[in-house]
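Spelled out from the first residue to the last, the chains are:
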Amino acid sequence: DQQVKQNSPSLSVQEGRISILNCDYTNSMFDYFLWYKKYPAEGPTFLISISSIKDKNEDGRFTVFLNKSAKHLSLHIVPSQPGDSAVYFCAAPTGRGSTLGRLYFGRGTQLTVWP
Amino acid sequence: DGGITQSPKYLFRKEGQNVTLSCEQNLNHDAMYWYRQDPGQGLRLIYYSQIVNDFQKGDIAEGYSVSREKKESFPLTVTSAQKNPTAFYLCASTLTGMNTEAFFGQGTRLTVV
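For the record, the sequence lines run as chains A and B. For the first sequence, this note's numbering begins at 228 and goes up steadily by one. For the second sequence, this note's numbering begins at 14 and goes up steadily by one.
Certain hints may be false.
Unchecked claim - Only pairs whose alpha carbons sit at most 25 Å apart, straight line, appear in this in silico DSS-like list of lysine-lysine:
{"hint": "1", "chain 1": "B", "residue 1": "Lys22", "chain 2": "B", "residue 2": "Lys96"}
{"hint": "2", "chain 1": "A", "residue 1": "Lys264", "chain 2": "A", "residue 2": "Lys232"}
{"hint": "3", "chain 1": "A", "residue 1": "Lys283", "chain 2": "A", "residue 2": "Lys232"}
{"hint": "4", "chain 1": "B", "residue 1": "Lys22", "chain 2": "A", "residue 2": "Lys264"}
{"hint": "5", "chain 1": "B", "residue 1": "Lys70", "chain 2": "A", "residue 2": "Lys232"}
{"hint": "6", "chain 1": "A", "residue 1": "Lys232", "chain 2": "A", "residue 2": "Lys281"}
In case anyone wonders, no lab produced these hints; they're calculated from the structure.
Bound conformation, chain B alone:
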């Protein structure tokens, strides 16, 4: 079955450490996205990538980094520079083209301890 997979589902990090969240899709989608969800804030875009080896900052990119070396993979690194990293992180992918929907992974809950 095709889909988009995020791992791990729960992640704990000590303050000052970098951590990488995995996102893999086998839908042959061109574009991939990372969102962050906080209570009352909806979904805020961190980074997105429309093609391999290219990505753009979203609305809240500070303290995050990404790479897109393969079409299937779009890992997100939460760096120690991110001041409030505890959140629910969602990865999504879409085909490019008009009138298409985004498919989401199941999310990763990151908690800084």
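Chain A on its own, in the form it takes in the complex:
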């Protein structure tokens, strides 16, 4: 049972344009979300996160939006660059307080940015 879903396996965007990667979740107890970026044959690296007390978090070219009522979040990359080409994973942890619990990951979206 996928608690975090990324329904688009791939996205192709021209350099300089906006990339929008989407993520849906089913567990209403999730209150923190993370995005990871992964290149082939490497481990994922943390990109940006958002807490459920916010609806937007921005870091340079990357912005994550959270719509709690729709159980949906999205990652916007503006402007997109060829180096952004990678697999992007959405993730959410269980656990509260001092116990982190486990991370649930979506299946990832392969972003390709072409010149």
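With chain A's structure known, arrange chain B on it following the hints.
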């Protein structure tokens, strides 16, 4: 520099053999995780451990075993009972507590020959 180290990067195993993948972290993180990545499957959780000498099964624990004798180390053994062991294995660690991120190792590519 602090980090999480997986070794080896590439590993070949004959069918029927057990093999152990190493994961070490010097970040003083409490929790450690093992994930498996297959094409189109994303990251699937095998085992995780939040404290020394304790660990829990993830979603696909069958055919795998782990130990957590030290805070820094969380080795994963792929046993001969794992029916499809060829995959990319990722180890991660986190601090416990709210709103923390997981740090990942560089992964081990296991191929059964």
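Evaluation of the provided hints:
1. Lys22/B <-> Lys96/B: 21 Å, holds
2. Lys264/A <-> Lys232/A: Since the Cα atoms of Lys264/A and Lys232/A sit roughly 16 Å apart, the hinted pair holds (cutoff 25 Å).
3. Lys283/A <-> Lys232/A: 19 Å, holds
4. Lys22/B <-> Lys264/A: 19 Å, holds
5. Lys70/B <-> Lys232/A: Holds, because 22 Å separates the two Cα atoms, which is no more than 25 Å.
6. Lys232/A <-> Lys281/A: The given pair, whose Cα atoms are some 21 Å apart, holds under the 25 Å limit.
This entry satisfies every hint, going by the numbered hints stated previously.
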